[in-house]
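A.B. asks: Chains as they are written, first to last, in our numbering: chain A, 24 to 511; chain B, 24 to 511; chain C, 24 to 511; chain D, 24 to 511.
Mixed in with the good hints, there may be bad ones.
If chains are identical, the list can't say which one is meant, so a pair holds when it fits in one copy or spans any two.
[Stated by the list, open to error] Below, computed lysine-lysine pairings styled on DSSO-like, alpha-carbon distance capped at 30 Å:
{"#": "1", "residue 1": "K375", "residue 2": "K79"}
{"#": "2", "residue 1": "K236", "residue 2": "K161"}
{"#": "3", "residue 1": "K423", "residue 2": "K374"}
{"#": "4", "residue 1": "K37", "residue 2": "K429"}
{"#": "5", "residue 1": "K178", "residue 2": "K436"}
{"#": "6", "residue 1": "K236", "residue 2": "K426"}
{"#": "7", "residue 1": "K423", "residue 2": "K79"}
Hints in this document: simulated from the structure, not taken from any laboratory.
Residues per chain, in single letters:
Protein chains: 4
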Amino acid sequence: MALRNYQEYIDSLKKMRPNIYKFDELIEDVTTHPATRNTVEGHSKSYRLYNDPNEKEILTTTSHINGEPISRYLSLIRSPEDMYANSRMKRRLFQLTGTCTGGRCVGWTALNAMFITTYDMDEKLGTDYHPRLVNWLKDAQARDITIAGALTDPKGDRTKMPSMQDDPDMSLRIVERRPDGIVVRGAKVMICGVAAANELFILPGSGYKETDKDYAVSFVIPRDIQNLTIVETRRPSDTRETEEGFDIPNKEGGITQAYLFFEDVFIPKERVFMAGEYQFALGVVMNFIGPYRSAIGGCVAGQGDVKIGAAVLTARTNGLTSKVFNDKITQMNINNETTYAVGIAAAAMGKKHPSGAWLCDQLLANVNKVHVATLPYETSRLAQDIAGGIAETGCMPSYKDFKSAKYGHLVQKYLKAKHSAESRARAARLVEWSTIGAGVPGCMHGGGSPDGARLVIRSLSNLEDKVRFAKKLAGITEDIPEPEVPKK
Amino acid sequence: MALRNYQEYIDSLKKMRPNIYKFDELIEDVTTHPATRNTVEGHSKSYRLYNDPNEKEILTTTSHINGEPISRYLSLIRSPEDMYANSRMKRRLFQLTGTCTGGRCVGWTALNAMFITTYDMDEKLGTDYHPRLVNWLKDAQARDITIAGALTDPKGDRTKMPSMQDDPDMSLRIVERRPDGIVVRGAKVMICGVAAANELFILPGSGYKETDKDYAVSFVIPRDIQNLTIVETRRPSDTRETEEGFDIPNKEGGITQAYLFFEDVFIPKERVFMAGEYQFALGVVMNFIGPYRSAIGGCVAGQGDVKIGAAVLTARTNGLTSKVFNDKITQMNINNETTYAVGIAAAAMGKKHPSGAWLCDQLLANVNKVHVATLPYETSRLAQDIAGGIAETGCMPSYKDFKSAKYGHLVQKYLKAKHSAESRARAARLVEWSTIGAGVPGCMHGGGSPDGARLVIRSLSNLEDKVRFAKKLAGITEDIPEPEVPKK
Amino acid sequence: MALRNYQEYIDSLKKMRPNIYKFDELIEDVTTHPATRNTVEGHSKSYRLYNDPNEKEILTTTSHINGEPISRYLSLIRSPEDMYANSRMKRRLFQLTGTCTGGRCVGWTALNAMFITTYDMDEKLGTDYHPRLVNWLKDAQARDITIAGALTDPKGDRTKMPSMQDDPDMSLRIVERRPDGIVVRGAKVMICGVAAANELFILPGSGYKETDKDYAVSFVIPRDIQNLTIVETRRPSDTRETEEGFDIPNKEGGITQAYLFFEDVFIPKERVFMAGEYQFALGVVMNFIGPYRSAIGGCVAGQGDVKIGAAVLTARTNGLTSKVFNDKITQMNINNETTYAVGIAAAAMGKKHPSGAWLCDQLLANVNKVHVATLPYETSRLAQDIAGGIAETGCMPSYKDFKSAKYGHLVQKYLKAKHSAESRARAARLVEWSTIGAGVPGCMHGGGSPDGARLVIRSLSNLEDKVRFAKKLAGITEDIPEPEVPKK
Amino acid sequence: MALRNYQEYIDSLKKMRPNIYKFDELIEDVTTHPATRNTVEGHSKSYRLYNDPNEKEILTTTSHINGEPISRYLSLIRSPEDMYANSRMKRRLFQLTGTCTGGRCVGWTALNAMFITTYDMDEKLGTDYHPRLVNWLKDAQARDITIAGALTDPKGDRTKMPSMQDDPDMSLRIVERRPDGIVVRGAKVMICGVAAANELFILPGSGYKETDKDYAVSFVIPRDIQNLTIVETRRPSDTRETEEGFDIPNKEGGITQAYLFFEDVFIPKERVFMAGEYQFALGVVMNFIGPYRSAIGGCVAGQGDVKIGAAVLTARTNGLTSKVFNDKITQMNINNETTYAVGIAAAAMGKKHPSGAWLCDQLLANVNKVHVATLPYETSRLAQDIAGGIAETGCMPSYKDFKSAKYGHLVQKYLKAKHSAESRARAARLVEWSTIGAGVPGCMHGGGSPDGARLVIRSLSNLEDKVRFAKKLAGITEDIPEPEVPKK
């Protein structure tokens with residue numbers, strides 16, 4: 024085997040044990056249930072597009088383990104070019120699905136992060152995590168599976184360390200260590216694309232001290248493993264997905280974000296990649312955010328491309344030329360290209376890790392995170408500005424009303440403008456969906472908060488260097504140290 | 024009679040003919056149906072608060088007609104102080120209801136606009152519209168009714184005048200003139216608060232030429248008049264209103280935005296305030312946007328106050344002090360106070376109209392419109408930034424899942440932080456609701472688009488004056504006229 | 024006497040003892056010396072314009088003491104309308120002089136601040152400062168003098184209180200108290216318009232404790248008092264003022280900012296308005312910043328008006344129509360009107376003080392201060408954008424080169440565009456002067472820093488109120504207090 | 024020969040014919056005259072630093088012609104890595120000189136642009152421009168000369184083509200073609216670093232039609248060629264350069280911007296690289312702006328680094344810790360890294376030209392140009408915000424006053440804060456110099472205007488692609504073309 028086709032992917036999902044819930048109901052088949060079918064469809068795109076030679080080039084690469092053709096989502100990122108392809112692939116998939124296929128990208132980034140950290144741990148501690156990971160990866164490549172990644176713990180009271188919480192389960196932890204594996208308890212929350220995944224790659228949080236060592240844990244599991252319960256969260260306007268019609272116009276993709284509850288789940292040893300090495304947990308997070316916060320610039324750019332297209336489309340159905348909005352469209356393009364470009368630059372300015380992995384520049388990656396938490400909001404505002412009142416909050420009667428036997432003809436008569444009522448409604452709904460509806464991904468806090476990124480920027484931007492050369496330029500010879508902060 | 028109490032208001036709505044639909048169903052009782060009860064509740068606040076001496080002062084005033092105590096929403100705006108009270112009242116009602124009670128404010132602004140224009144028409148044309156309006160207003164004050172206002176026409180192809188459209192009904196028009204009144208056909212769209220209104224005040228659009236004179240029409244009607252069909256539009260996450268629980272946490276208020284279809288509705292003469300005087304239609308719009316775009320600064324400020332409160336509340340349930348977010352909160356406050364203040368200034372810089380009405384400064388009112396289309400987006404972004412991932416897109420399991428017999432205990436266990444799971448979820452849902460949910464009003468395009476406001480700013484900001492004094496300062500004596508635009 | 028004419032004003036300056044220096048030279052006559060004549064010319068505008076009926080209305084008012092016609096700059100601000108006139112007057116004077124005439128406005132604001140505080144002190148402490156001030160003011164009105172105001176102390180090490188500095192003179196202080204007056208030592212720095220003033224009104228700093236009581240001092244003095252030495256500071260491109268030609272094109276106005284050195288200056292008792300009442304010093308500052316930070320919105324708007332005019336003028340000399348820059352000009356107008364409007368609103372939302380003075384709303388006044396520290400920078404950038412490369416940094420040969428016998432013809436040949444080389448150069452120089460030259464006033468830190476304003480905003484914006492109504496809207500009943508900040 | 028040392032460079036400048044003027048005076052020796060010595064010092068840095076192994080790596084490379092070690096400024100840009108080095112070198116030189124060394128970078132970019140265009144012309148037209156250029160370049164590398172580049176024509180009336188101007192000399196043109204060369208007349212304006220250059224590389228403007236073919240001209244000349252007269256322009260506060268002391272604190276670098284007047288200058292054939300091929304002129308400009316608008320992100324980042332250092336240094340002399348300003352400093356860092364990163368990305372996303380040159384991505388390069396015209400203004404504002412009133416407009420007495428025998432002790436006494444008066448003054452002057460003084464380079468319009476960049480962005484951002492995939496996502500099948508713009 025190697026590259027699966029669409030049907031093989033769908034079949035693999037159908038075969039799994041149902042353990043995902045939404046609205047207090049078990050989802051028997053994620054590929055057909057309205058709450059999950061759109062995200063499965065979105066994630067399936069990469070399998071479908073293997074047949075398209077243009078897209079295949081970007082979606083596949085060769086295994087660094089055995090040289091076989093593999094999905095890029097299962098590859099080791101070894102060079103700037105691999106990262107450029109990462110950004111391009113994400114931008115492209117946003118353009119084709121309209122939204123996030125996070126179930127692939129987070130898992131991929133997670134396995135790359137642990138590839139590096141397992142190498143470092145083995146070097147320093149003499150453990151054998153790295154070969155375990157490589158073995159699993161080789162197999163995963165052969166099976167061409169989809170892997171979601173899980174990072175965020177519930178955390179509880181933010182002012183207390185995991186081990187100091189009233190309830191010690193507020194971050195995922197090892198509750199038992201056995202010769203053949205570990206047992207874990209806790210939760211991971213806001214996890215993207217789980218419903219479309221075959222396996223889940225779990226990362227530890229960070230900021231751990233020795234007392235928190237049971238929280239330093241990483242492993243990979245089948246999504247339908249015993250004692251794992253998954254609950255999908257609400258998203259804006261998500262019940263529309265259960266309705267007929269075009270109030271959610273896009274069927275090409277969708278997002279899910281899940282809460283994973285681990286009620287003493289057993290993980291066999293060969294799938295465990297960290298189990299107590301708390302001093303390496305921060306490294307995992309840094310190895311994760313480097314490529315993640317770089318390539319998310321591609322995601323946001325693709326999302327912005329959709330907003331531009333949807334806004335102009337709506338304006339045209341109103342009879343308005345895009346020329347009227349040139350300045351706004353240009354600003355939207357600048358926003359898109361900025362997040363895309365800063366991510367590319369973070370890759371270009373990176374460096375090689377001894378394991379063979381490529382490390383993105385952290386300063387630029389984190390600058391990008393701040394842009395990703397800011398610029399898309401302006402792009403959304405401009406899309407709503409261009410597309411007008413019916414798009415701003417989707418201010419139109421529902422599809423049911425559109426089709427009403429009693430007054431649907433009136434709805435349609437008055438929604439018609441330069442183009443048909445349906446085209447106009449669909450275009451405006453796409454603006455709504457992507458700016459204030461179910462298509463809005465959680466980019467601001469996804470993969471960490473912008474304030475966290477600002478902290479990284481502060482620590483990496485070498486303030487004292489800048490003060491030093493300013494001092495030289497100013498011709499100052501006196502010593503001017505940082506003053507002590509006065510006590511209050 | 025005069026000031027009604029809450030029950031009288033509710034009873035008046037219950038007594039009306041059901042003619043409002045949503046999801047292809049007739050709403051039998053707007054005061055109890057989930058699609059409308061929240062907006063009725065929000066609109067009822069002003070009736071409820073007559074009993075509160077602090078609030079009564081801002082909510083009531085005296086009639087300029089007969090000196091009786093009346094709702095401010097039925098008063099003539101005669102002074103800057105009346106406008107300040109307008110801004111304050113709107114800000115206060117946003118704080119108390121969390122969102123827009125547009126069914127009162129648009130109707131009020133509409134009657135003030137037509138108060139002025141009917142005066143002007145009578146002066147110029149010798150018509151008797153003004154006494155008709157005053158008579159109706161006196162009666163409306165005595166009945167203490169709620170009045171929604173309707174301005175926006177469907178418009179059809181934006182590049183064509185109303186009379187040049189393929190379908191002449193794309194703007195509301197007179198199709199028959201009778202000795203005792205007129206018959207109108209067409210629609211008004213995106214009309215706020217109709218479900219909570221007793222009557223509807225209809226304004227004409229603008230930009231009409233002589234051939235469009237049948238479109239220059241203004242009148243007031245009972246909401247349940249014959250041949251009027253009303254369809255409520257969707258809003259983000261609106262079906263949550265039909266659900267049990269706190270996924271929409273706020274029951275104190277809500278918005279509706281309706282499409283009104285006029286299928287040859289007869290309006291008796293004494294309720295008609297314009298019928299063909301196309302040359303006065305632009306004046307109506309200007310008289311409307313003056314106070315509307317001023318006082319909307321108060322709305323947006325109140326909405327921003329809620330976002331600040333909701334975001335800080337969420338942070339505190341996480342265990343985080345608001346001090347961490349001082350800079351962001353200060354920026355949110357600056358945004359709020361800016362829209363509030365520019366509206367106040369537009370009132371302060373206004374002038375008296377011969378009819379006794381107060382005209383706000385158009386330049387400042389329109390500057391405010393641009394701020395209203397921009398600053399709340401930043402305020403929403405900052406609220407989501409402070410409140411974290413669960414608020415950004417409301418990334419939590421639904422209320423049904425929260426209460427699930429099977430795994431609700433897990434949802435609750437892991438949603439708990441510094442405070443209870445429920446408090447945390449409610450706070451985060453309020454951020455979601457007010458920034459990306461059903462509480463987001465259409466402030467950007469409501470009452471006209473920001474690009475329209477920019478055109479007004481351009482026409483009123485006296486560019487040539489500025490060039491003239493720059494020229495004097497620069498000591499230039501040569502004539503420097505505006506160059507001709509080169510032909511392409 | 025009462026309203027002086029231009030010549031009387033000039034003569035009064037000529038008669039004073041020369042005690043102002045620049046570039047290590049004594050300025051014998053401030054009305055003719057190149058370093059000060061432009062600011063004198065600017066300040067003289069208000070005397071000149073008494074003859075213009077349109078301008079007189081805004082520049083004069085009546086004395087609240089004796090009903091005589093007086094300069095508005097010597098009046099008590101008693102109503103919102105007085106504040107509107109303040110904003111309008113400042114905007115107008117910027118339009119006519121191109122820059123700040125701070126020697127009038129700071130002095131005026133200072134006397135109003137002390138009018139209030141002396142009233143409060145007399146009420147609380149039984150002192151007789153208020154009648155002293157009123158007596159002096161009555162006389163000042165009769166003499167129609169120009170008064171500069173002085174607030175900023177050198178301060179020394181920012182982390183130490185005045186009385187804890189290594190050098191106790193780092194803030195102005197009383198070094199001797201005599202029966203007939205006080206002796207002061209220290210400095211006031213960055214004081215605007217001193218060269219154009221007849222008298223100087225000195226205010227205390229703030230944040231004083233009992234040990235700092237000698238620093239709580241306020242008084243008014245002739246500018247040429249014994250033992251006072253004044254040194255004018257540099258400003259960008261200030262030596263151009265000493266050159267012939269149009270490299271500074273504007274001769275209608277100019278700024279100066281002085282350092283005042285008090286070497287044991289004796290102040291007679293009747294001119295002393297505070298001498299040790301440290302607990303009232305903060306009140307002075309608040310009474311000062313209320314009207315100051317409100318009306319500075321008018322200054323900044325007038326400055327922005329000049330930038331718009333100058334930029335468009337330059338574009339036209341290049342052959343470009345302003346239509347190309349519509350969006351940029353509209354944004355500049357929005358910036359101008361915003362600072363103007365927020366100041367007007369701070370006045371409108373103010374309240375009466377028992378002394379008869381009008382107190383502006385502090386929250387809005389301080390919001391405006393932040394805008395004043397931000398928006399003009401964008402307006403300057405847009406002016407440079409419109410006006411092009413020759414304006415951005417004034418990238419043209421000097422006037423001397425323009426007139427060179429050797430190659431001046433070449434300079435002129437190639438500077439000519441749609442209009443003459445001289446008109447084009449003058450227009451571009453005006454953009455340079457007002458955005459990166461000697462015309463840029465220190466609005467960001469003048470009258471206090473934006474960070475200080477942010478502190479006031481934070482303290483006045485009632486966070487807990489906002490949390491309280493958000494909590495009610497969210498239906499939360501649990502107590503959610505501000506968490507304790509964790510100790511590090 | 025190959026890499027020259029500092030003295031050789033200085034000597035080469037001393038040997039040249041004096042033909043540069045400022046203030047109507049001939050500059051006899053550019054290396055010592057106050058108007059030019061700072062820029063010579065700045066440009067000499069690259070020669071000086073050959074001795075520093077760390078810096079040498081970035082400043083030198085090998086010739087693609089003969090493999091010899093050469094200055095990077097004389098190299099062909101052949102790869103993304105060459106462009107990264109370009110950005111890094113420019114950032115580094117800004118850090119070391121405080122400002123622009125444009126006399127190297129523009130010349131370098133110009134020769135690279137013509138390297139490509141001469142190749143294209145020879146391919147298409149069979150001309151021999153490319154070998155001419157390579158011959159000259161080989162020689163220039165051997166001589167290790169400094170080359171300024173000249174692009175901007177005076178242009179005259181912006182609405183007319185060069186050949187349609189009243190005065191045909193408003194753009195540089197060929198007035199005579201001889202067998203051994205051409206004679207040119209006209210001017211190039213706002214040319215950076217001419218005084219520090221050995222030779223000048225002249226590029227054509229763009230937008231030419233056949234009638235403008237005499238304007239399509241490119242060549243390289245010694246700076247002191249016969250019939251070339253050079254006049255240096257003013258910059259903000261430039262006369263301070265002629266003064267003693269630290270009012271311009273930085274002696275490590277400086278800028279000049281010159282007007283070049285060509286009065287029938289003869290250019291020998293072997294130094295002419297375009298002479299009439301108008302259809303290739305646009306290509307030159309595009310080949311120029313690609314690397315220029317990419318690498319200018321490095322310049323602006325380095326400039327921003329200086330502003331950060333200078334602002335923090337000033338705050339520390341005031342006794343304030345940088346921690347107070349963390350948010351502002353982080354924003355400044357984000358601005359710096361953004362322009363740096365977008366330039367890096369433009370390089371990374373580029374492609375190879377058949378000539379061997381590397382072509383940067385135009386879309387990203389032009390996005391960067393817009394950032395370069397915007398972000399530094401915010402960075403300057405924040406620097407002034409941090410550094411306080413004495414930095415905002417440099418509000419301190421002059422150096423002469425600082426040293427005054429009469430009152431210099433007072434100036435120094437009161438300028439002292441946490442650190443000495445001199446250190447504080449120097450630090451604040453550096454903020455002034457770099458934000459509103461002689462150190463501000465003309466980055467907004469240098470190398471073309473941001474509006475020109477916006478046009479490129481619009482043309483390259485594939486609007487119809489975006490509309491197409493939005494249409495697919497929205498499920499719209501109807502054809503929705505761009506409407507015709509209605510005629511007025």
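A.B. asks: Each hint should be assessed against the structure and marked as holding or not.
C.D. replies: Hint check:
1. Taking the shortest alpha-carbon separations for K375 and K79, both the intra-copy value of 26 Å and the inter-copy value of 24 Å come in at or below 30 Å.
2. In this assembly of identical chains, K236 and K161 lie within 30 Å of each other by CA distance solely inside one copy; the values are 29 Å within and 64 Å between copies.
3. Taking the shortest alpha-carbon separations for K423 and K374, neither the intra-copy value of 55 Å nor the inter-copy value of 48 Å comes in at or below 30 Å.
4. Taking the shortest alpha-carbon separations for K37 and K429, only the inter-copy value of 23 Å comes in at or below 30 Å, while the best intra-copy value is 41 Å.
5. With identical chains, the CA atoms of K178 and K436 are at most 30 Å apart between copies only, with a shortest distance of 11 Å across copies and 53 Å within one.
6. Taking the shortest alpha-carbon separations for K236 and K426, neither the intra-copy value of 59 Å nor the inter-copy value of 33 Å comes in at or below 30 Å.
7. Taking the shortest Cα distances, K423 and K79 never come within 30 Å of each other, neither inside one copy (40 Å) nor across copies (42 Å).
Taken one by one, the earlier hints fail for this structure at numbers 3, 6 and 7, listed in ascending order.
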